[in-house]
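S.K.: Residue numbers (the working numbering), protein chains in the order written: chain S, 1 to 381; chain W, 382 to 655.
To be clear, the hints were calculated from the coordinates, so they are not data collected in a lab.
Possibly wrong hints are sitting among the right ones.
[To be verified] Computed from the model, here is a short list of chain W residues facing chain S with C-beta under 8 angstroms:
(1) Gly571
(2) Val575
(3) Pro593
(4) Met615
[Claimed, not checked] On the chain W side, residues computed to face chain S include the following (Cβ under 7 angstroms):
(5) Ile568
(6) Gln583
(7) Gly586
(8) Leu599
(9) Ile600
(10) Leu603
(11) Ile607
(12) His610
(13) Thr614
Every residue gets a Cβ at the ideal spot worked out from N, C-alpha and C, and that includes glycine.
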Amino acid sequence: MFQKIYKFLSSAKLALALLILILACCVFGVTVFRGQEAWEVIFSAVWFNGILVILIVNISFCFFPRVLRRRLTVVSFGMILFHLSFLGMLFGIVYNSFFFFHGTIRLTEGEVLPIGSLASWDITNRGRYFDLSKLKGEISLMKMHRGYVVEGEDKVVAYEVAIGHRGDTKQGVLYITNKLSAFGFDYYRDKEGFSPLVMLHDKRGRRLHGFFIPLQSLQNKWDESFLYTTGTKEGPGTLPFPQDPLVPEFSLQVIYIPDPEKERAGDAVFRMWPLGPENRSDIDFNHSKDGREATGDNDTNKQEGLDETDEDKPIFEGRVMIGEKFPAGKYYLSVPEIRYWVAMSVRHDPGFVLVLTSLWVGLSGMVITFIGRMRRSKKKS
Amino acid sequence: MKPDLMLFWIAVSLYGLSAFAYLFGMMAKNDKLFTVGLWSAVAGFIPHIVVIALRWSETGISPFFTISESITFGFFCTILIFLIFKFTNKKIRPLGVLIMPVTFIMMGWAGTLYKEAAESIAPALQSGWIWAHIIGAATGFGAVLTAAGFGLMYLLKDKYTFQIFERLPELKIIDDLSYRFVAGGFIMYGLMIVSGAFWSHQVKGNYWAWDPVEVWSLISWLTYGIYLHLRITMGWRGKRLAWYAIIAMVAMIVSYWGIPFTMETFHSGFRIEH
Numbered sequence: 001m002f003q004k005i006y007k008f009l010s011s012a013k014l015a016l017a018l019l020i021l022i023l024a025c026c027v028f029g030v031t032v033f034r035g036q037e038a039w040e041v042i043f044s045a046v047w048f049n050g051i052l053v054i055l056i057v058n059i060s061f062c063f064f065p066r067v068l069r070r071r072l073t074v075v076s077f078g079m080i081l082f083h084l085s086f087l088g089m090l091f092g093i094v095y096n097s098f099f100f101f102h103g104t105i106r107l108t109e110g111e112v113l114p115i116g117s118l119a120s121w122d123i124t125n126r127g128r129y130f131d132l133s134k135l136k137g138e139i140s141l142m143k144m145h146r147g148y149v150v151e152g153e154d155k156v157v158a159y160e161v162a163i164g165h166r167g168d169t170k171q172g173v174l175y176i177t178n179k180l181s182a183f184g185f186d187y188y189r190d191k192e193g194f195s196p197l198v199m200l201h202d203k204r205g206r207r208l209h210g211f212f213i214p215l216q217s218l219q220n221k222w223d224e225s226f227l228y229t230t231g232t233k234e235g236p237g238t239l240p241f242p243q244d245p246l247v248p249e250f251s252l253q254v255i256y257i258p259d260p261e262k263e264r265a266g267d268a269v270f271r272m273w274p275l276g277p278e279n280r281s282d283i284d285f286n287h288s289k290d291g292r293e294a295t296g297d298n299d300t301n302k303q304e305g306l307d308e309t310d311e312d313k314p315i316f317e318g319r320v321m322i323g324e325k326f327p328a329g330k331y332y333l334s335v336p337e338i339r340y341w342v343a344m345s346v347r348h349d350p351g352f353v354l355v356l357t358s359l360w361v362g363l364s365g366m367v368i369t370f371i372g373r374m375r376r377s378k379k380k381s
Numbered sequence: 382m383k384p385d386l387m388l389f390w391i392a393v394s395l396y397g398l399s400a401f402a403y404l405f406g407m408m409a410k411n412d413k414l415f416t417v418g419l420w421s422a423v424a425g426f427i428p429h430i431v432v433i434a435l436r437w438s439e440t441g442i443s444p445f446f447t448i449s450e451s452i453t454f455g456f457f458c459t460i461l462i463f464l465i466f467k468f469t470n471k472k473i474r475p476l477g478v479l480i481m482p483v484t485f486i487m488m489g490w491a492g493t494l495y496k497e498a499a500e501s502i503a504p505a506l507q508s509g510w511i512w513a514h515i516i517g518a519a520t521g522f523g524a525v526l527t528a529a530g531f532g533l534m535y536l537l538k539d540k541y542t543f544q545i546f547e548r549l550p551e552l553k554i555i556d557d558l559s560y561r562f563v564a565g566g567f568i569m570y571g572l573m574i575v576s577g578a579f580w581s582h583q584v585k586g587n588y589w590a591w592d593p594v595e596v597w598s599l600i601s602w603l604t605y606g607i608y609l610h611l612r613i614t615m616g617w618r619g620k621r622l623a624w625y626a627i628i629a630m631v632a633m634i635v636s637y638w639g640i641p642f643t644m645e646t647f648h649s650g651f652r653i654e655h
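The shape of chain S in the complex, shown without the other chains:
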């Protein structure tokens, strides 16, 4: 029985059949199924990953016992390295799957978040044996730079970040080709957006409450322009305002219209509805596009009551410059400051060293085998 299993697993024909099967799966994964569907149906499926594992087991059973019995030559040495690299990759991937941590953390300029608190993270995904105590210290976003240039190359955006733990602080600038490594984790640039400070004032102009609202950057599919608004990545929306610790009184949509000439300047559009049971997320994208449908300045701001027959109509709607106040019933609203928020992808992949090293080992194996074969055929001729 065992001999039969061994014979089956060590067959060169099995290796070929597996290679053809993987090739066929890949072709299906880019033709019949595509993108996310291919990922779900094929590439993340247990059976497909099982085939990959069987291939590596087959390589071990089929190749190594044969080659190790032979005299070591340049060709066989290259072949050993090449096939060994697959084993290295498998071990690296399996090890990593137990101990990895992937997360997305989002901060506004000036904000400090405790890394160890899972509430600080938008998304986390970790291996079964990842030790949560490795997440320690605090992270702060000092500044997001636009038009960041390194040795004459425009990196477009860069995040200036500080990560501290027990008095030890690691500070650095990260951009798309430059990660920041600190305390066992790598921080990568992911995405960024505007985060206006929305301030609530009473009628005498006193500041009652204020907080930074991260805006979505939604691209208009028609003219590829961007709308910076409250909402979700699916579309514009509102949020209850004012927020904790005050009692929300209405639903608010904020749109920021950047000044093309001056950074962190421009206009803010406010749209307010009575507080509903749920936040609005079905606002017509094109209606609110760049706020042009809203009135232009303070004097002409609409301050109408809600039309009972048209619940979608905002009770207050208006556009003001950054720093100016917008009258909204018994309150004023303003955006005194524009900051940026950034989302960073944070990774801890202890198995990657083995995987990436194996890639080079495999490539070296291919080159050595090629050289060996060329030398051998030269000798023959």
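With chain S fixed as given, assemble chain W onto it according to the hints.
M.R.: Same frame as chain S, now just chain W:
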């Protein structure tokens, strides 16, 4: 018309002349037309180099990112490999019968997609890995296209007894040359995949995401991996592998230029930036 575009079309025209000279040479069984084909290819290669140099010097940005630039560089490497081989091994005169028509068609397609040189480079492309990635991809393609050319030579010599084919080296030698170029292409594809994995790790922190372009590059690599497996462990030789090399080459063209630039992938993002 800008000088670089004019030179581009001169190169395409000369490659066209070379392609027809090779094809007619084969149909008419006339060796002299192969000589015309070879020297037209040399003549076309000169403006081909100048076009790349002009675009590069215009903005200082390496011109390898748009589909047109990618094809231009891919076939620059192909013609370079072809010419080096032709001038070091004069026995296989009709080798251009497959290489030059493919070059002519693909370069002509690149000409219709020709755009102004980019003035800026997307930040994700500002990485040293891109050099290994592009060189691996372009030389790998050049090598497997040459291997397919040998495959065609094998089939022609095997089937016909005309003098022009009889002058070709023995079938075993052609078969061996095809194998060597496949093995070389396999290594260069390996370099492309490994450098792409390191590049992805530098930018995103992962090395493989089953992105359609990654999968297509794996398909290319596996296709030639199976070729080598069939030859080394299953003992395949000759006709079957010659056909295999020709059919696999078609898959390469789809993989390189059919998919990355027509689908929204990580790679196509680079194209949109420009």
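S.K.: Confirm or reject each hint.
M.R.: To see whether the hints hold, each was checked on the structure:
1. Gly571: holds (5 angstroms)
2. Val575: Constraint on valine 575 of chain W satisfied, holds at 4 angstroms.
3. Pro593: holds (5 angstroms)
4. Met615: Cβ of methionine 615 of chain W sits 7 angstroms from chain S, so the hint holds.
5. Ile568: holds (5 angstroms)
6. Gln583: holds (6 angstroms)
7. Gly586: Constraint on glycine 586 of chain W satisfied, holds at 4 angstroms.
8. Leu599: Where the cut-off is 7 angstroms and the nearest Cβ of chain S is about 6 angstroms from leucine 599 of chain W, the hint holds.
9. Ile600: Since the shortest Cβ distance to chain S is 5 angstroms, the answer is holds.
10. Leu603: Holds, about 5 angstroms.
11. Ile607: Interface hint status for isoleucine 607 of chain W: holds (5 angstroms vs cutoff 7 angstroms).
12. His610: Result: holds, 6 angstroms to nearest chain S Cβ.
13. Thr614: For threonine 614 of chain W, the interface hint holds, since the closest Cβ of chain S sits about 5 angstroms away, which is under 7 angstroms.
In summary, this structure violates none of the numbered hints.
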